[in-house]
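Please model the complete structure; the sequences and the hints are all you need to start from.
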Amino acid sequence: MIKIILPDGSEKEYKKGISAGEIAREISEGLFRKALGALVNGELYDLNRPIESDSTVKIITDKDPEAPVIFRHTIAHIMAQAVVRLYGKNVKLAIGPVIENGFYYDFDLEEKISEDDLPKIEAEMKKIIKENLPIERFVISKEEAKELFKDQPYKLELLEDIEDETVTYYKQGEFFDLCRGPHLPSTGKIKHIKLLSVSGAYWRGNEKNKMLQRIYGTAFAKKDQLDEYLKMLEEAKKRDHRKIGPKLELFMFENELAPAMPFFLPRGAKVINELLEFSRELHKKYGYEEVITPLIMNIKLWHQSGHWDHYKENMYFTEKDDVQYAVKPMNCPGHILIYKSKVYSYRDLPIRMSEFGKVHRYERSGVVHGLFRVRSFTQDDAHIYCTKEQIEDEIIKVMDFTNELYSAFGFEYEADLSTMPEDHMGDEKTWEVATEALRKALEKSGINYKINEGDGAFYGPKIDFHIKDSLGRKWQCATIQLDFQMPERFDIHYVDNNNELQRPVMIHRAIYGSIERFFGILIENFAGAFPTWLSPEQVAIIPVSDKYIDAAKELYEKLDSEGLRVKLDASNATVGYKIRNAQMLKIPYMIVIGEKELETKKYNVRTREGNTVEDLELEDFIKTVKEEIKNRSLKLSY
RNA sequence: GCCGACGUAGCUCAAUUGGCAGAGCGGCUGACUUGUAAUCAGCAGGUUGGGGGUUCAAGUCCCUUCGUCGGCUCCA
Numbered sequence: 001m002i003k004i005i006l007p008d009g010s011e012k013e014y015k016k017g018i019s020a021g022e023i024a025r026e027i028s029e030g031l032f033r034k035a036l037g038a039l040v041n042g043e044l045y046d047l048n049r050p051i052e053s054d055s056t057v058k059i060i061t062d063k064d065p066e067a068p069v070i071f072r073h074t075i076a077h078i079m080a081q082a083v084v085r086l087y088g089k090n091v092k093l094a095i096g097p098v099i100e101n102g103f104y105y106d107f108d109l110e111e112k113i114s115e116d117d118l119p120k121i122e123a124e125m126k127k128i129i130k131e132n133l134p135i136e137r138f139v140i141s142k143e144e145a146k147e148l149f150k151d152q153p154y155k156l157e158l159l160e161d162i163e164d165e166t167v168t169y170y171k172q173g174e175f176f177d178l179c180r181g182p183h184l185p186s187t188g189k190i191k192h193i194k195l196l197s198v199s200g201a202y203w204r205g206n207e208k209n210k211m212l213q214r215i216y217g218t219a220f221a222k223k224d225q226l227d228e229y230l231k232m233l234e235e236a237k238k239r240d241h242r243k244i245g246p247k248l249e250l251f252m253f254e255n256e257l258a259p260a261m262p263f264f265l266p267r268g269a270k271v272i273n274e275l276l277e278f279s280r281e282l283h284k285k286y287g288y289e290e291v292i293t294p295l296i297m298n299i300k301l302w303h304q305s306g307h308w309d310h311y312k313e314n315m316y317f318t319e320k321d322d323v324q325y326a327v328k329p330m331n332c333p334g335h336i337l338i339y340k341s342k343v344y345s346y347r348d349l350p351i352r353m354s355e356f357g358k359v360h361r362y363e364r365s366g367v368v369h370g371l372f373r374v375r376s377f378t379q380d381d382a383h384i385y386c387t388k389e390q391i392e393d394e395i396i397k398v399m400d401f402t403n404e405l406y407s408a409f410g411f412e413y414e415a416d417l418s419t420m421p422e423d424h425m426g427d428e429k430t431w432e433v434a435t436e437a438l439r440k441a442l443e444k445s446g447i448n449y450k451i452n453e454g455d456g457a458f459y460g461p462k463i464d465f466h467i468k469d470s471l472g473r474k475w476q477c478a479t480i481q482l483d484f485q486m487p488e489r490f491d492i493h494y495v496d497n498n499n500e501l502q503r504p505v506m507i508h509r510a511i512y513g514s515i516e517r518f519f520g521i522l523i524e525n526f527a528g529a530f531p532t533w534l535s536p537e538q539v540a541i542i543p544v545s546d547k548y549i550d551a552a553k554e555l556y557e558k559l560d561s562e563g564l565r566v567k568l569d570a571s572n573a574t575v576g577y578k579i580r581n582a583q584m585l586k587i588p589y590m591i592v593i594g595e596k597e598l599e600t601k602k603y604n605v606r607t608r609e610g611n612t613v614e615d616l617e618l619e620d621f622i623k624t625v626k627e628e629i630k631n632r633s634l635k636l637s638y
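Numbering (the numbering used here), first residue to last: 1 to 638.
Take these hints with a grain of salt, some might be off.
[Said to hold, decoys possible] Cut-off 20 angstroms, straight-line C-alpha distance, at most; resulting in silico cross-link-like pairs (SDA-like, lysine to any residue): (1) 142 x 180; (2) 340 x 298; (3) 388 x 431; (4) 34 x 7; (5) 146 x 166; (6) 626 x 281; (7) 474 x 270; (8) 474 x 414; (9) 547 x 573; (10) 358 x 290; (11) 238 x 584; (12) 130 x 191; (13) 150 x 166; (14) 210 x 97; (15) 342 x 493; (16) 92 x 158; (17) 601 x 573; (18) 358 x 330; (19) 34 x 44; (20) 626 x 274; (21) 358 x 308; (22) 247 x 579; (23) 58 x 69; (24) 247 x 44; (25) 300 x 325; (26) 171 x 158; (27) 388 x 493; (28) 444 x 390; (29) 243 x 270; (30) 547 x 568.
Derived by calculation from the structure, the hints in this document are not laboratory data.
Take a look at the structure:
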């Protein structure tokens with residue numbers, strides 16, 4: 001007999017080898033029907049897998065966060081089964097894991113699967129679901145497994161890497177797959193599935209390996225969850241900054257002549273300048289001094305910095321008078337030259353040097369993506385030169401800075417702390433001190449963070465920040481990196497209180513990260529409807545007919561002189577048409593001016609959200625909007 | 001870079017089996033003088049991404065090149 005402890009704390013004795021399914025059935029038939037799997041001592045179990053020793057058992061139903069892992073994994077198998085049915089036995093199966101919002105499976109087969117084939121595969125999957133095939137788990141020796149999977153080269157390769165002597169495989173109808181599990185008890189349990197896309201993927205993500213065909217899909221326990229997810233994808237598509245951006249005349253690309261290098265149009269440049277202005281205010285507040293460095297510098301600099309050795313592939317080069325130059329991919333070497341241009345006392349530290357540095361990095365053609373991944377972009381970069389003792393304080397200041405900046409956009413965020421990788425520079429003690437300083441700063445800030453062991457840069461540990469947008473998507477933006485290498489390479493120092501030369505620590509940090517990228521995130525987050533302070537145009541003036549253009553011009557002058565960004569629509573169109581245009585450009589406020597306004601000197605203000613406020617005194621409107629802008633408010637005032 | 005899909009007017013998209021390149025929006029011109037999400041009419045706009053080939057004939061078929069899109073991290 002074994003002892004089973006349930007989540008409510010109750011204990012019961014069962015026969016050894018009892019399954020979670022049987023336990024569930026004993027509790028209630030309803031629970032058994034809803035059960036998808038179980039958590040046994042924290043490990044996910046199939047419903048019918050025997051429990052061999054004293055355990056805590058929690059039955060998983062579709063309400064539990066673990067549920068999708070189980071049923072999506074099963075759906076991945078169902079998809080593989082469908083593909084084998086449709087394309088024949090010569091399909092070679094690779095891997096089919098669960099991912100954040102769904103699953104995929106990689107196949108190696110002669111025929112090309114295209115998006116057009118997805119409905120066919122989906123239909124076959126639904127058939128398999130309808131067949132409600134029982135899913136069985138088998139434990140076999142590795143030798144037996146090699147025999148069983150002798151026609152499946154990828155499975156054999158996976159077997160090579162498994163250290164345990166026994167492995168498990170799962171079988172449903174005619175289909176079986178090497179798999180750790182767990183799975184649903186039968187293929188009929190989850191019905192709400194959708195195949196999303198096909199793509200190529202290298203075996204084990206390594207581009208030296210064969211390119212396989214990958215099918216992505218998703219599955220949900222409830223139909224409305226699936227619908228909601230598909231709706232979210234639709235919404236994300238509608239907000240795609242690559243579509244909205246050109247439509248709102250924010251930016252463009254010229255694909256032939258400057259691929260992956262954005263051009264900002266007048267409306268976009270206004271937003272960017274507001275972002276820079278905001279950032280400058282904060283930089284000033286947090287004690288930074290702005291510098292400006294050259295875009296291209298002699299190749300010698302890049303040899304000394306190590307970029308030639310480690311980053312050459314991503315750099316652009318140019319030549320003049322037989323001298324080789326590199327276009328800067330990073331700002332640090334330039335900043336170091338400024339640091340080196342004078343002698344610092346320990347009293348001067350920390351030195352906080354910032355730059356809106358435009359950098360160029362060659363990115364492979366397949367990875368560029370709108371404003372999110374480009375070849376030329378602007379970093380809100382800064383380098384802090386300080387003593388080891390100052391690291392923690394400085395990190396905390398950077399985190400405060402980050403918090404203040406992100407809050408202004410309403411973003412929540414999380415952080416990752418990446419520690420010493422195997423291949424690293426500098427002694428381990430320095431790493432320890434530095435990592436500890438980062439960790440302490442994170443603790444003090446109270447933000448959510450997780451540790452990525454061994455994921456730091458070779459020159460120092462780092463913290464990355466991920467913001468969450470209005471659709472719940474995460475984006476990496478800010479980064480704080482400690483650097484022990486650059487100060488060594490450039491032999492920089494400060495004079496300590498014993499008049500001895502000391503090596504400062506260098507902290508790289510960026511908060512927006514890339515202005516271009518952050519701009520793209522903002523476009524998607526606000527779906528193009530920027531808060532007033534960021535809006536390219538803040539007020540649209542719409543004369544009822546050309547009789548009122550002079551009055552409209554006067555109003556324009558007034559608002560313009562108050563520092564508002566105003567658009568006067570003097571076109572010969574109807575009011576409705578001009579309202580529509582302003583609406584499409586997502587201009588926050590619209591003022592129609594006609595006979596009534598001339599008489600009363602009071603105005604009706606319409607917002608892009610469709611609200612209309614009547615009979616406003618102009619001075620009140622100006623005051624309110626100016627206040628809204630000054631506060632960088634996320635909400636409209638009316 | 002690699003796998004797959006795609007590239008037609010400024011934008012969104014049409015164009016039977018290869019058979020006269022079209023529409024809406026936008027633009028221009030004119031009429032209308034407009035009251036809170038599209039007034040009406042006329043006109044202009046194209047080497048069908050570039051280059052090469054097959055054919056009596058290519059937007060359509062083949063080759064090549066450039067670019068765009070979905071992916072290539074999630075380890076049975």
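Satisfaction of hint between residue 568 and residue 547, Cα-Cα up to 20 angstroms: holds (14 angstroms)
Is the hinted pair residue 146 and residue 166 satisfied, with a Cα-Cα distance of at most 20 angstroms? Holds: residue 146 and residue 166 sit about 11 angstroms apart, inside 20 angstroms.
Within a Cα-Cα threshold of 20 angstroms, do residue 142 and residue 180 meet the stated pairing? Holds, because 13 angstroms separates the two Cα atoms, which is no more than 20 angstroms.
Please work out if residue 388 and residue 493 have their alpha carbons no farther apart than 20 angstroms. holds (13 angstroms)
Against the 20 angstroms threshold, does the CA-CA distance of residue 358 and residue 290 hold or violate the hint? holds (14 angstroms)
For the pair we were handed, residue 444 and residue 390, check the Cα-Cα distance against 20 angstroms. With a Cα-Cα distance of about 15 angstroms, the restraint between residue 444 and residue 390 holds, given a limit of 20 angstroms.
Going straight from one Cα to the other, do residue 601 and residue 573 come out at no more than 20 angstroms? violated (23 angstroms)
Within 20 angstroms, alpha carbon to alpha carbon, are residue 210 and residue 97? holds (19 angstroms)
Between the alpha carbons of residue 626 and residue 274, is the straight-line distance 20 angstroms or under? It holds: about 15 angstroms lies between the C-alpha atoms, which stays within 20 angstroms.
Please work out if residue 171 and residue 158 have their alpha carbons no farther apart than 20 angstroms. Roughly 18 angstroms separates the two Cα atoms, so the pair holds.
Is residue 58 within 20 angstroms of residue 69, Cα to Cα? holds (15 angstroms)
Hint consistency between residue 474 and residue 270 [alpha-carbon to alpha-carbon, up to 20 angstroms]: Violated, at roughly 26 angstroms.
Hints 7, 17 and 24 from the list above are not met by this structure, while the remaining hints are.
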